[in-house]
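Top to bottom, those sequences are chains A and B. To convert, note that position 207 of the first sequence is 207 in UniProt numbering; the numbers rise steadily by one, no gaps. To convert, note that position 155 of the second sequence is 155 in UniProt numbering; the numbers rise steadily by one, no gaps.
Because the hints were derived from the structure by calculation, they are not lab data. Predicted model, so just to flag it, every value in this text is computed and none were measured. A couple of the hints might just be wrong.
[Stated by the list, open to error] With a straight-line Cα cutoff of 16 angstroms, these simulated EDC-like cross-link-like pairs (lysine to aspartate or glutamate) come out: (1) A:Lys-253 - B:Asp-57; (2) B:Lys-207 - B:Asp-57; (3) A:Lys-6 - B:Asp-64; (4) B:Lys-95 - B:Glu-116; (5) B:Lys-175 - B:Asp-198; (6) A:Lys-6 - B:Asp-198.
[Said to hold, decoys possible] Residues from chain A that face chain B, not an exhaustive set, calculated with beta carbons under 7 angstroms: (7) Lys-6; (8) Tyr-10; (9) Thr-13; (10) Lys-15; (11) Thr-18; (12) Trp-19; (13) Gln-76; (14) Tyr-77; (15) Gly-78; (16) Leu-84; (17) Arg-86; (18) Ser-91; (19) Val-106; (20) Thr-176; (21) Ser-177; (22) Lys-253.
From the three backbone atoms N, C-alpha and C, an ideal C-beta is built for every residue, glycine too.
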Amino acid sequence: MGTLIKQELYKLTHKKGTWIAIGIMVVLQIIPALVQKADSEFFQLSSLISNDYLGGGLYLFIMIASAASIIAMEFQYGTIKQLLYRQYYRSQVFISKLIVIFMQLVVLKVISTIMTFTLTALLFPSFDWDQKIEGSQTLLQLYFLGMGGNVLVTVFLLSVVILIATLLKTNAAAITSGFIGYFVSMAASSVLLLLINKWHWLRFNPFSMLMTSSQIISPDMSQATLMSTPLMITLTFVYTILFTFIAYFSFRKRSV
Amino acid sequence: MANLLSVQQLDKSFGNRRVLHGVNFEVAAGHIVALVGPNGAGKSTIMKAVLGLIPTDGGHLTIDSQPVSITSHQALAHVGALIEYPGIYPFLTGKQHLELFADKENRDTNMTQIVEALGMTSYIDHKAKQYSLGMKQKLGIAQALVNHPKLVILDEPMNGLDPQAVKDLRDYIRKMADQGTSFLISSHILSELEKLADDVLILNHGKIVQQSSMGELVASGGTSYVITTADDASAKTALMAAGLQLVPAEKIMIRQQNEKTLNQVLQTLVNANIEITDVVKVQHDLEESFLDMVNTPTTKEDK
Ligand SMILES: Nc1ncnc2c1ncn2[C@@H]1O[C@H](COP(=O)(O)OP(=O)(O)OP(=O)(O)O)[C@@H](O)[C@H]1O
Ligand SMILES: [Mg+2]
């Protein structure tokens, strides 16, 4: 298993795209920070910071692309046979890929967070992380709470992307559906909430789980989603595991 | 000698289509076994089954006495393979491909050895996306061989290789086999296999129709004589009248049945007063035996 993880990391780190993506993410954090420094009215500083200077948000899209390609590239490059004929169980091959994807997610999140704190310390040294925004929580607490919710929803979304990549075996299809799924459900979340209001059972549908991160920061949303925050978090986990299992079962007996 | 690979009663269907029918064969340690058969006969399918890449519908596969299936792969620890076409990561160099797949022990020596043996030194540090067809093929073969596996499965390894590369590969395979590695190789270039293989499996429509050593197969193809005369038409009539079996061909071709065949033929012609201008002895090679084997039923119906 260690060998498999090392091999996956080897492939990932030898792709130029991996590094370019990190570079772009960092640059897209620096630019808004400098703009804000030049014109303090341009963004609202606290929201700029809690959004990781905008660029940090890119990690979601990097991860969608990366998760899709870690599975689909083996089919596209025809390397899947070499990968699977060896002494390892297919489950090990599959899990090693999941682990590496998760490692990449953590690394990106750590980089964007470090950038956020560094940029804030350098450019806006007087920024008060302890200020209270709404209720009793400080900005720092909300920042980490938001991050937790965001990672949770990202992992959920990635499970869908991995499922599609495993079923369709093509990069483009998985990436496109990841992006479209994300944007459409963001755009349509108000419609979804209306529908949930009409047919209550709809609240358990997987698309609702894309709102988990919003509800974690603004618990009042539970009135619209008709689910408590703990329930939503649990369901997000359940769906993630479910989709991952379906992906695994389709991968397990696949003829290559 | 112990059999390294054993395939027993292997059945495989894709949907309703039965592709393999109770395939049985063995590969002995240190032997090079050729798997030949027409397009679509099921060669790649057998190889994929042996590598646990596809589910099978019945039969028993073992490597080194350990069972192999899509869900049990332990026995494949010492197996190297190239199936159908090489899988190449375009963003890695040739060397990085080998690094990725090479076992830790003796990694550098193993890598250098195979790269030199296949003549890949000049481009091994280039990105694989710039490789030509043959360069990719060599890289795929190198990946299969780099860890000195006990069993190597190569599906049409000569694809796209130039004559020098074919020779280099043949020499290297021979060397590895002499050191105890077993090979199962499919190819359509029968003249190559004839130089290389110890044993031959002929597969047709998902069944093994012939299994023997290369020497036996070539010998069984037998000897024929092609005879040219001043008057071929009368010669044919005379020979048939004498009860001699002619091979259906434009020229006069006679298969040797026993030591007396040639003498009989010549005598018949001399007695019929037909001038003999040339006699050529033809030793059947693998290609002809192969064609006979896979075409037998249709040839009989035709004539
Ligand atoms: N994934 C698949 N789905 C359906 N049928 C398949 C599949 N793979 C192979 N077949 C069928 O199985 C038969 C054997 O195919 P296989 O690839 O083993 O032939 P082959 O002997 O390797 O031929 P070739 O010399 O052309 O490589 C063919 O008739 C083919 O149509
Ligand atoms: Mg084939």
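How the hints compare with the structure:
1. For a cut-off of 16 angstroms, the pair hint linking Lys-253 of chain A to Asp-57 of chain B stands: about 13 angstroms separates their Cα positions.
2. With a C-alpha separation of about 15 angstroms, the suggested pair Lys-207 of chain B and Asp-57 of chain B falls inside the 16 angstroms cut-off, and the hint holds.
3. Of the pairs offered as hints, the one joining Lys-6 of chain A and Asp-64 of chain B is violated, with about 28 angstroms between alpha carbons and a cut-off of 16 angstroms exceeded.
4. As the CA atoms of Lys-95 of chain B and Glu-116 of chain B are separated by approximately 12 angstroms, the hinted pair is consistent with the 16 angstroms bound.
5. The suggested pairing of Lys-175 of chain B with Asp-198 of chain B holds, with an alpha-carbon distance near 13 angstroms, which does not exceed 16 angstroms.
6. Pair hint Lys-6 of chain A plus Asp-198 of chain B does not hold up; C-alpha atoms about 39 angstroms apart against a cutoff of 16 angstroms.
7. This hint is violated: Lys-6 of chain A has a C-beta 9 angstroms from the nearest C-beta of chain B, more than the 7 angstroms allowed.
8. Contact between Tyr-10 of chain A and chain B, as hinted, is supported at the beta carbon level, the nearest pair being about 6 angstroms apart and thus within 7 angstroms.
9. Given hint, Thr-13 of chain A at the interface with chain B, is violated; its Cβ is 11 angstroms from that chain's nearest Cβ, farther than 7 angstroms.
10. At a threshold of 7 angstroms, the smallest CB-CB gap from Lys-15 of chain A to chain B is about 5 angstroms, leaving the interface hint in force.
11. Because the beta carbon of Thr-18 of chain A sits about 10 angstroms from the nearest beta carbon in chain B, more than 7 angstroms, this interface hint is broken.
12. Nearest Cβ of chain B to the Cβ of Trp-19 of chain A: about 11 angstroms, over the 7 angstroms cut. The hint is violated.
13. Checking Gln-76 of chain A against chain B: minimum C-beta separation of about 10 angstroms lies over 7 angstroms; hint violated.
14. This hint holds: Tyr-77 of chain A has a C-beta 6 angstroms from the nearest C-beta of chain B, less than the 7 angstroms allowed.
15. Interface restraint check for Gly-78 of chain A: the shortest CB-CB distance to chain B comes to about 4 angstroms, inside 7 angstroms, so the restraint holds.
16. Against a cut-off of 7 angstroms between C-beta atoms, the interface hint on Leu-84 of chain A holds, since the closest Cβ of chain B lies about 6 angstroms away.
17. The criterion of a C-beta within 7 angstroms of any C-beta in chain B is met by Arg-86 of chain A, whose closest approach is roughly 6 angstroms, and the hint holds.
18. The interface hint given for Ser-91 of chain A is broken, as the beta carbon of that residue sits about 9 angstroms from the closest beta carbon of chain B, more than 7 angstroms.
19. At about 23 angstroms, the closest approach between the beta carbon of Val-106 of chain A and any beta carbon in chain B exceeds 7 angstroms, and the interface hint on this residue is violated.
20. A cut of 7 angstroms between beta carbons decides the hint on Thr-176 of chain A: the least distance to chain B is about 21 angstroms, and the hint is violated.
21. Against a cut-off of 7 angstroms between C-beta atoms, the interface hint on Ser-177 of chain A is violated, since the closest Cβ of chain B lies about 24 angstroms away.
22. Satisfaction of the interface hint for Lys-253 of chain A is found here, the shortest Cβ-Cβ separation to chain B being roughly 6 angstroms, below the 7 angstroms cut-off.
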